[in-house]
Amino acid sequence: MNIDLSRRSFLRLAGAGVAATSLGALGFGEAEAAELAHVRDFKLTATTETRNTCPYCSVACGIIIYARPDDTGKRRVVHIEGDADHPTNRGTLCPKGAALKDFVNAPTRLTQPMIRKPGAAAFEPIAWDDALDRIARAIKDDRDANFLATNEAGVPVNRWTTMGFLAASATTNETAWATYKVVRSMGVVGFDNQARV
Amino acid sequence: MTTNIQDSPRTALSNPPVQPGQSNLGQPAVRRSSAGGPVAEQPTPLTEVAKLIDVSKCIGCKACQSACIEWNDTHPEIETNVGVYENPHDLTPEMFTLMRFAEYDNPDNGNFEWLIRKDGCMHCEEPGCLKACPAPGAIVQYTNGIVDFIHENCIGCGYCVSGCPFDIPRISQKTHVAYKCTLCSDRVAVGQGPACAKACPTHAIVFGTKEDMKIHAAARIEDLKSRGYENAGLYDPPGVGGTHVMYVLHHADKPGIYNDLPEDPQISPVVEGWKGPTKTVGLAAIGLAAVGSVVMGLFSRSAVADEDEHQAQEMVDRAAAGLPVDPIPGREQV
Amino acid sequence: MTNSWTDIKNTDLVIVMGGNAAEAHPCGFKWVTEAKHQRGAKLIVVDPRFTRTASVADYYAPIRPGSDIAFLMGLIRYMIENDKVQWEYVKAFTNASLIVKDEFGWADGLFTGYDEEKRDYDKSSWDYVIGDDGFAVTDPTLQNPRCVWNLLKAHVDVYTPEMVERITGTPKDRFLKIAEMIGECSSPTKTMTSMYALGWTQHSKGAQNIRGMAMLQLILGNIGVRGGGMNALRGHSNIQGLTDIGLMSNLIPGYLNIPTEREADWATYMTSRAFKPLRPGQTSYWQNYPKFMVSFMKSMWGDAAQKDNDWAYHYLPKLDVPSYDILRMYELMDEGRVNLYFCQGFNPLLATPNRDKVTRAFSKLKLLVTMDPLETETARFWENHGAHNDVDTAAIQTEVIQLPSSCFAEDEGALVNSGRWLQWHWKASDMPGEARNDVWIMAQIFLRVRELYRTEGGAFPDPILNLTWDYADPNEPHPEELAREMNGRALSAVYDPTDPTKVVAEPGKQLLNFSQLRDDGSTASGCWIYSGSFNEAGNNMARRDNADPDDTGAYPNWTWSWPLNRRTLYNRASCDLNGKPWDPTRKIIEWDGEKWSGYDVPDISPTAKPGEVMPFIMNQEGVSRLFSRGLMRDGPFPTHMEPFESPVENVFNKRMRGNPVVRVFAKDAADLGTSDEFPFVATSYRLTEHFHYWTKHNVVNAALQPEFFVEISEELAAERGIERGGRVRVWSKRGEVWAVALVTKRIKPMICDGKTVHVVGIPLHWGFVGAARKGWGPNSLTPVLGDANVETPEFKAFLVNIEPAVGEAVS
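Chains as they are written, first to last, in our numbering: chain A, 92 to 288; chain B, 63 to 396; chain C, 54 to 864.
A portion of the hints provided could be inaccurate.
In silico SDA-like pairs for lysine to any residue, Cα to Cα no more than 25 Å straight-line [unchecked claim]:
(1) Lys230(C) to Glu284(B)
(2) Lys827(C) to Asn196(A)
(3) Lys480(C) to Pro82(B)
(4) Lys360(C) to Thr241(A)
(5) Lys480(C) to Thr202(A)
Bear in mind the hints are in silico, worked out from the structure with no lab data behind them.
Construct all of the structure, not just a fragment, from the sequences and the given hints.
Here it is as structure tokens:
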């Protein structure tokens, strides 16, 4: 493809050419003026392929993620397609799965921790360390204040009901297990997931 | 890979290549080109391909639209809902395929049916768009049957739209060229099927050689007949020489109920007569657009003066209705 | 799912009721179209709306939301009356022949033992007669009037086709046609599969809906066979996994239970988990409960869990109520009794009922922490978005910390699909900006809290200080380490129970599977049902061999499924009493005279003789339950109950509102509407173009379905003067929304108990952040009520009113 000729200028040329021949009333056969027929360059060339699973519903379609590094060296998703070798989906994807690239690259992806202070009208950035320290301190203080070691009958109950934790529905088993360990070891009982909604 | 749905033809026998490879679609495989554009003397012979859309298997999920957008890197607008399921509202330069939904009370048995049809380029064997196109080499047909737009050669006049019996191409207001489904020519060129067919969850869209697709269609039609759809059949309209996108319809006797799928599509007589007696009319009509664009210094079809547009359309309509058409005096000399 | 997605290709009849598989699970639904194409299978859809699944169905019938039990009991009645019963299966593999206590009965819509004050049943009469030998008494001839079969027959007798039509609005002829189609599957060589999802679960009696179909499937002999089963399609990609791993108030991984206060010590806790067989020679696999439980405690607390401290039993919290589920938590929050709340990949502001209440509750928190790859409405609940989120920002004193996490493309690990396959995936790309993996985030929180307890002491720090955290990098445990931990390993030598000199697992080695778990502290396993997923053979979840010998659809070497890589649950029931397949063309396993073998891992001990050990090994009876004893709070048989908000009264008992044993908080009870004020039945659902509240962030999906709408019939539109594409206001006792009206022939008014019932369909996908147009979710309208057994909110049947929008407060 001739990259020296910008599309717009080429357009103008083509348009003018047709007008001229039209005025001449005959012969559109200026074949030499035309760009030769071609198809788009195959866009997956030189990408990396990674097997993954669609994160939406629990049919769990196999997908292949095609990625390549961006200017900063970070690997970015350039395309996602169904995995033809997967027994369930056989390469197919639904309207959500077929557009997964634009989920990963959504403009509303979060990129830094934020804090909204009581009464404030906006989020403001906060450093990871500060955010995590703040959370840990809040957990410690509230647990110490409200942990119920025994009930009225003196039976050890070791529960903490003033904190709740809603677990995800699309994280991995491994994340779930790490989450279970952390949350349960604190005595949290207001623990739930998205199975019902 | 073991596959146990072999007699369901499907697009994705393997995942797409990521190694650089040879494309088999290019100038050497061009068998037709618009307005005398270059055609290979002995075009590379390729097997005729076809996409088969079985509306009886289609669940209207729009995966085809989604896959089309992602593969072709288009950006359809986020519109509104106007009280129907179609979105975008119509085919656009950024949306090459569209699910169309029709609510149908079947008078024969009293049953309600929701007829859902994937609309898009039919890749006609006798392509009206190509015949109408005045820009050399802007529309080509490859020897496998794919009709493709070569955008660099397009002048945005919109005559492919008038020439199309299915009302498919759309002119971009941004780039001022015409767009439509390419049948994913870039994928087919490396041995992959179109993105829509690969994605289609129920294999309602399948892709393969036209021969195979007809055989598959026959089996589907038999199944539909066994379920009481007596008029099930294949839509491969002869008026345009057959198509490289075909439908299996449960009511093949009434294509119109599927959101106005033409009963017997024909290329407009104006376009059909391109090299015949009505050449002048065609030229006049096209001249209006092309000249208009130069005069206005703009290149979109919408930039053509309303009056010119109206007159040109009138000629086309009259020709289509079999009425005499006179060239507009003096217009050629503008 | 008892079966798998790929197994659906083996079916003869698919019934989609309580779900919308084509729209919500399109790629799984392909196996329905395959079965139709390859086997000539038929598809039945029963749904209030003519859905996209219905558009490819062979037969469709409408049904009033919330009336499914009457339909299902009507089907069972039809099968019994017309002898469409797989008799050999029913007699041998169900509890049809077991004798029930004389005191048990049903009248006026209620079972025996109802206490109106307590809103609960005394379930003591809902049980078998136990003989002197300690086993349940049976009558294999089914002559005893008190056997389960005869009680069931009597129970369903009232559900005549006329009664079904009266309650459900399904025309009698449509109901009978469906009954006839289903009846054909009582043949041992024909099978039906049931595909359902939230359309059955999100009711105040959701679990009973599902039981109704499960009972029908047992009567037809369709459980355990290829192409059969009860197939819960499940919603999110790993909600099966998160439930397996017990991330719920009352669960321990592998469906073990958090103790209650009444179980003050280990011995008491185990007493109620003895699971002694109720019939001679039966497996009653839960007898192994102590092995699973001890191994879990060792996995959590290692050396701190010892026999002499009851395996650190008191490190576990004890419940004073059945569960602190999400509805209870929001009630407590609303009362100001919750201070901290974490939402990990969850958007409850739009996902839980009565959004006004949720907003009010969140406003009373001290700190809300969200972890998500995307913006959520929850993280911004305090932000004013006009009518879309009309809050007084300055008055909300909740601090909110929003943490950016990874998404699927950026992490590694396993997700469990609805067919119980654990599929490992790999990282493909880097996270944007400063986003971090969830495991890292959880580890950071834990390490910091542990450090505070280490340095400062505080309330009962032991379970925190002693939690095992021996990962190579404590700051970010590797997914493989966590997966190995769930599989379990030998802490000391593990011996063969039949030969105490033989070591089956050396110390430190990964366990082969849960058969190697012990209750003596020699093994650790975080989640017993996953034992076998990552053993000494490696990471079995990463396997990608897609061979399928003889095309059974089992794919035995593709990833790994729990339990034990078994693909079809109860597969022993695919064979008759001699161990031969009911349908030789659909063989899964077979008894060869000495052992069971075949295409799948047998769901029974490989040497259990077919005539002796029955297939339902998890049940104490060894057989399946048509009568569920006292295991469900709202009855041993499903009985028709109206939704809490219903246009009609319960035909059996006019005083009964909703499910009589559902927990209702006082304020929520006051928020219930009645049909004089709210005459229309609303139901909520998903559309195929979107996934929950996620894809509104995706420009492609937003383009495919950009704007919030509600669906109504042409008749209702005419009655209310609503135009297609016009805007409407929909309101309930709890809130209001504005939407585009989608007027359609696909919803038709129904006649129920002599009354015309209109349905308003309310899809769920729009909010106030993301790429799509701003809108509302159905939760602005829905009541705070859960299922009697599992607290799943009643999202599928409630009352609203509708009118053309006038003076809409929305730009």
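Review point. Going straight from one Cα to the other, do Lys360(C) and Thr241(A) come out at no more than 25 Å?
Key: holds (22 Å)
Review point. Taking only the CA atoms, is the gap from Lys480(C) to Thr202(A) under or equal to 25 Å?
Key: OK: Lys480(C) and Thr202(A) at ~18 Å, within 25 Å.
Exercise for review: Decide if the proposed pair is consistent with the structure: Lys827(C) and Asn196(A), CA atoms, cutoff 25 Å inclusive.
Suggested key: With a Cα-Cα distance of about 20 Å, the restraint between Lys827(C) and Asn196(A) holds, given a limit of 25 Å.
Check your understanding: Holds or violated: are the alpha carbons of Lys230(C) and Glu284(B) at most 25 Å from each other?
Key -> Given that 25 Å is the threshold and the Cα spacing comes to 24 Å, the pair holds.
Check your understanding: Between Lys480(C) and Pro82(B), does the CA-CA distance stay at or below 25 Å?
Key -> holds (24 Å)
Violated hints: none; the structure is consistent with every hint.
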